[in-house]
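Engineer: Protein chains in written order, with the working numbering: chain A, 57 to 172; chain B, 22 to 133.
Please note: incorrect hints may appear among the correct ones.
Once the Cα atoms are required to be at most 27 Å apart in a straight line, the calculated DSS-like pairs of lysine-lysine come out as [to be verified]: (1) B:LYS79 with B:LYS89; (2) B:LYS90 with B:LYS132; (3) A:LYS97 with A:LYS120; (4) A:LYS97 with B:LYS128; (5) A:LYS111 with A:LYS122; (6) A:LYS76 with A:LYS111; (7) A:LYS97 with A:LYS122; (8) B:LYS63 with A:LYS97; (9) B:LYS89 with B:LYS70; (10) A:LYS97 with B:LYS132; (11) B:LYS89 with B:LYS63; (12) A:LYS70 with A:LYS97; (13) B:LYS70 with A:LYS97; (14) B:LYS90 with B:LYS79; (15) A:LYS76 with B:LYS63.
Covered stretches of chain A, going by a simulated chain B footprint (3 or more residues, C-beta under 8 Å) [claimed, not checked]: (16) 96-104; (17) 164-171.
Derived from the structure by calculation, the hints contain no laboratory data.
These numbers come from a predicted model, not from an experiment.
Note that CB positions come from ideal geometry on N, CA and C, so glycine has one too.
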Amino acid sequence: GAVVSQHPSRVICKSGTSVKIECRSLDFQATTMFWYRQFPKQSLMLMATSNEGSKATYEQGVEKDKFLINHASLTLSTLTVTSAHPEDSSFYICSASTGTSAWEQYFGPGTRLTVT
Amino acid sequence: AQSVTQLDSHVSVSEGTPVLLRCNYSSSYSPSLFWYVQHPNKGLQLLLKYTSAATLVKGINGFEAEFKKSETSFHLTKPSAHMSDAAEYFCVFMDSNYQLIWGAGTKLIIKP
Chain A
57 GAVVSQHPSR VICKSGTSVK IECRSLDFQA TTMFWYRQFP KQSLMLMATS
107 NEGSKATYEQ GVEKDKFLIN HASLTLSTLT VTSAHPEDSS FYICSASTGT
157 SAWEQYFGPG TRLTVT
Chain B
22 AQSVTQLDSH VSVSEGTPVL LRCNYSSSYS PSLFWYVQHP NKGLQLLLKY
72 TSAATLVKGI NGFEAEFKKS ETSFHLTKPS AHMSDAAEYF CVFMDSNYQL
122 IWGAGTKLII KP
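Required output: the full structure, derived from the provided sequences and hints.
Structural biologist: As structure tokens, this is what we get:
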């Protein structure tokens with residue numbers, strides 16, 4: 057149980073284009089979803105927290121107009137990187153929580169974004 | 022300010038020998054601490070958690086960690102390493118807003 061999927065697993069896009077990453081909770085309802093960014097050989101950095109049906113809460117320094125997050129249902133959240141640039145290349149990881157335990161997050165396998 | 026520090030970026034051990042991955046934290050209150058493992062191309066998996074109950078916490082795959090308040094440590098151990106344990110390990114601290122603060126990670130290398 058508690059499986060989270062991400063799609064795509066890898067994506068390459070050209071500079072200036074936008075790319076959408078999906079995060080799905082497959083066997084549970086996720087009241088809260090989190091988006092992280094992981095730089096090579098570094099830790100995870102929380103980008104934003106989204107609750108179903110409401111606007112995402114972004115961490116300091118994360119551009120909300122560049123990283124659009126939508127959490128339209130209890131099983132799906134999307135992250136859209138708009139007007140991508142090479143510096144946006146990274147590993148993006150989502151996690152989902154049922155909300156019953158504040159700490160209990162289930163992680164997706166991640167999406168490798170490369171902007172050329 | 023709350024923080025978590027993983028003291029080793031890489032740890033290399035031989036198969037069958039003990040594993041020790043070190044983690045220290047800084048907090049003004051009793052923390053909740055976790056260890057996660059990240060295998061290539063797989064999602065992060067929770068190994069174990071400490072949430073102010075027993076100080077010796079047993080997790081999956083034979084791992085355990087001991088919370089030592091006097092040393093502000095939460096080191097991860099395993100008596101005998103297996104090749105399948107090769108992965109990246111993260112020590113994680115939950116702050117007062119219930120957000121997870123991640124250590125920089127320790128890459129565990131298992132030598133045959």
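Engineer: With reference to the structure, classify each hint as holding or not holding.
Structural biologist: So, going through the hints one by one against the coordinates:
Only pairs whose Cα atoms come within 27 Å are accepted, and LYS79 of chain B paired with LYS89 of chain B is accepted, the gap being roughly 15 Å. Under the criterion of a C-alpha separation no larger than 27 Å, the hint pairing LYS90 of chain B with LYS132 of chain B is inconsistent with the structure, at around 33 Å. For the given pair, LYS97 of chain A sits about 25 Å from LYS120 of chain A by alpha-carbon distance, which is consistent with the 27 Å threshold. Under the criterion of a C-alpha separation no larger than 27 Å, the hint pairing LYS97 of chain A with LYS128 of chain B is consistent with the structure, at around 9 Å.
Only pairs whose Cα atoms come within 27 Å are accepted, and LYS111 of chain A paired with LYS122 of chain A is accepted, the gap being roughly 15 Å. With a C-alpha separation of about 17 Å, the suggested pair LYS76 of chain A and LYS111 of chain A falls inside the 27 Å cut-off, and the hint holds. Between LYS97 of chain A and LYS122 of chain A the CA atoms are separated by roughly 24 Å; this keeps the pair inside 27 Å, and the hint holds. Annotation: proposed proximity of LYS63 of chain B to LYS97 of chain A holds, straight-line Cα distance about 16 Å (limit 27 Å).
Taking the CA atoms of LYS89 of chain B and LYS70 of chain B, the gap is about 14 Å. The hint holds against a cut of 27 Å. Taking the CA atoms of LYS97 of chain A and LYS132 of chain B, the gap is about 21 Å. The hint holds against a cut of 27 Å. Of the pairs offered as hints, the one joining LYS89 of chain B and LYS63 of chain B is violated, with about 31 Å between alpha carbons and a cut-off of 27 Å exceeded. Annotation: proposed proximity of LYS70 of chain A to LYS97 of chain A holds, straight-line Cα distance about 24 Å (limit 27 Å).
About 23 Å separates the Cα atoms of LYS70 of chain B and LYS97 of chain A, which keeps this hinted pair within 27 Å; it holds. The straight-line distance between the Cα atoms of LYS90 of chain B and LYS79 of chain B is roughly 17 Å, inside the 27 Å bound, and the hint therefore holds. With a C-alpha separation of about 20 Å, the suggested pairing of LYS76 of chain A with LYS63 of chain B holds against the 27 Å cut-off. Only residues whose beta carbon comes within less than 8 Å of a beta carbon in chain B count, and the stretch 96-104 of chain A has 6; three or more means the coverage holds.
Here's how the stretch 164-171 of chain A fares: 3 of its residues keep a CB closer than 8 Å to some CB of chain B, so the rule of at least three is met and the hint holds.
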